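Could you put together the complete structure from these sequences and hints?
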Amino acid sequence: MERSEFLRVLRERLAGADAGRRPPGAPPDGPTALPERRPPTHASGGGWSPGARVPPEDSVERFLQALVEVGGEARRVRRAELADAVASVARGAGGALLHELGDLAHPVKQGLARGGCAVLPPGDAEAELGITSAILGVAATGSVLLSSAQGHRTTALLPPRHLVLIEEDRLVAGFEGLCDRLEDLVRGEATPPSSLILVTGPSRTSDIEMTPVLGVHGPARVIVLVVSG
Amino acid sequence: MSTFRERARLQLATPELARTIGHAMDVRAEARERVLDGVDVETMRAAARAIRAHTIANLPQYLERFSDAAEAHGASVFFASTAAEAVAHIRRIVREREGRLVVKSKSMVAEEIGLNEALARDGVEVVETDLGEHIVQIANERPSHITVPAVHKTRAEVRELFERVYGARLSDDPAEITRFARDVLRDRFLNADVGITGVNFAVASTGSLVIVTNEGNGRMCTSLPRVHIAVMGMERIVPSFRELSLLLPLLTASATGQRMTAYVNVVNGPRRTGEPDGPEELHIVVLDNGRSAMLPTEYRSVLHCIRCGACQNVCPVFRQVGGHAYGGVYGGPIGAVLAPLMDGFESAGDLPQASTLCGACSDACPVGIPIHELLIALRRDAGAERASLAERIGFALWGRLWSSSLGYRASVRVARLGQRLVARGGRIRRAPFPLSRWTADRDLPALAKRSFRERWRRAGGA
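These protein sequence lines are chains A and B, in that order.
All residue numbers for the first sequence refer to the working numbering, where the first residue is 1 and numbers rise by one.
All residue numbers for the second sequence refer to the working numbering, where the first residue is 1 and numbers rise by one.
Honestly, the hints are just simulated from the structure, not real lab data.
One or more hints might be untrue.
Quick look at which bits of chain B chain A covers, simulated, 3 or more residues with Cβ under 8 Å [what the hints assert, rightly or not]:
(1) 257-266
(2) 446-455
Using C-beta positions, here's what the derived DEER-type ranges look like [what the hints assert, rightly or not]:
(3) A/G116 / B/E33: 41 to 49 Å
(4) A/R75 / B/A156: 38 to 46 Å
(5) A/R75 / B/E125: 41 to 49 Å
(6) B/A88 / A/G102: 46 to 54 Å
(7) A/D169 / B/G274: 21 to 29 Å
(8) A/M1 / B/P276: 30 to 38 Å
Note that the structure is predicted; figures quoted are calculated from it, not measured.
The C-beta atom is built at its ideal place from N, Cα and C for all residues, glycine as well.
So this is what it looks like as structure tokens:
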């Protein structure tokens, strides 16, 4: 059906609203205003200004804690320690996939070499480790945001282990900051990244008798290194 | 066409069912309370309700903005006013792309339009990839809960099912069954031509689709196949990401009791030049299918629903009979409102009766839909449409009789005499027709020996 016809039907039916037969408690039928303020939620930045890009020191702590609560692993490392941290994650993994890692690529490759883990061609379904870098992290929920502009989507998807690197100053306090950033990233851009994904801990299900199981289709292990300095 | 009463009786014949569902619903409800502990839920709910009411009242303008933005980012958007139109459009896409294997991520709308069956008739293999949906699919059943589709199955039943369908040897351990399903479905993901998903939110300002999953199957379906088709009810719109910062956490807390689900996919179009993977085409299908008919009515607020399933988790009726007793795609309290509005009173007019009107659903609804009040209004409308001549005359006479105090008192006296034959110990267990329809399922309390007015007079009241 033509869009114009589809929308004409909606407009006509909205105009025909019969406000007289509204049950008590139902919202008014006429145009209503969007709330001006966003109320705090469990995913808000707590006492901080929600949109803050550079949060106070303890937001790193909060991020680490939130991620551990959902079954992820998280650690803060200085840039100089990155190679060793990567090596310890990569040890025993049969091959790794890499995103564009910018100036973190060098220490990461060093770490993989130290851990005895080869770099595989992108999209290799046999890889056991995927390494990505996040463009944003949410302290309140322990979430990281990945962009399809950074490399293959499958890097964060197919291997059973997912290592995410995030620079400390990319953390925002809560979902308000995340959503404002998403709006900026997509709105008005002629070609925004085709896919952005927010990852909060390992892939999980509780579809069988509500028993939690990790690693359904995505990785069972999600390890985030918050890089400082 | 079976009635709710018949279907419920069938479900109640398996006592384990209520136990399994009740346990699952308790887990969900407790998790929800934990996550929302210390948060001002009422303020969240009021804001969410305002956002939803505003969006639905301005739906044409937001849908226009959404489809303009999505098309500017390379998606094609199709508006379908009926299920048949939507199905025909999707079949055409799959046929023209020579799709043979479709991987699907959970979509209630796809259930609503019977998409899987239609594609299967074309010889296309459709594989549900959410574990719960997959279980339901290979069992040839329908999902029995919005967010826990296989909630009615025990682990032993799931194991037997996998053994029968895939010839596997498994234990009852959910982790082992899940690992097996991962391997089966991994192969399907890697070989699929088309991915079909539902949509949790469609962002009007950017043309983005937001798809929420815990298992990662949504991400697989939107990344690996070369074509992505997204099906959405027209009411899935949010004005911008700003509103999403409230609605998304509210959805995950209400649906699964999680602070945030594991994967939130934001789809902004097909793969860009320069991007190494992702689908080459993105098709979005916006569906009316009876929704717009609710706009001018008192039932409009049912379009505010964000499909979290919180009303199902708390409903005392749903916990006993499960989703299948409702007979349609959407079960539980919200289903009892939606089904008669979408399918008509002829087939679903008895669903509003499947409620104790306790109001737990309305209390649980994160966007403040007054579900139990809508159920009452539907009972009224269903009565006007479905009642037989005998019922109409009966109720009219009853109304006439009780509108005078003389008639009321006289009828109570007659009933008090009559109940001597059937009342035992203050209860009536089996009454003659038409009251037998009440006493078939529960006792009727007997009338007191003396009415309040009589006792009042005897005690010397005025």
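Evaluated hints:
Remark: the segment 257-266 of chain B is confirmed as covered by chain A, as 9 of its residues place a Cβ nearer than 8 Å to a Cβ of that chain, reaching the required three. Three residues within the 8 Å Cβ limit are the bar, and the segment 446-455 of chain B against chain A gives 0, so the coverage statement is violated. Between A/G116 and B/E33 the beta carbons are some 47 Å apart, a value that agrees with the proposed interval 41 to 49 Å. Take A/R75 and B/A156: their Cβ atoms lie about 40 Å apart, and the range 38 to 46 Å holds.
Separation of A/R75 from B/E125 is about 43 Å and conforms to the stated range, judged on CB atoms against 41 to 49 Å. B/A88 and A/G102 have their C-beta atoms about 47 Å apart, which keeps the hinted 46 to 54 Å range intact. Checked against the hint of 21 to 29 Å, the C-beta distance between A/D169 and B/G274 comes to roughly 26 Å, which is consistent with it. Here the CB-CB span from A/M1 to B/P276 is close to 36 Å, well matched to the stated 30 to 38 Å.
Violated hint: 2 only; the structure is consistent with all others.
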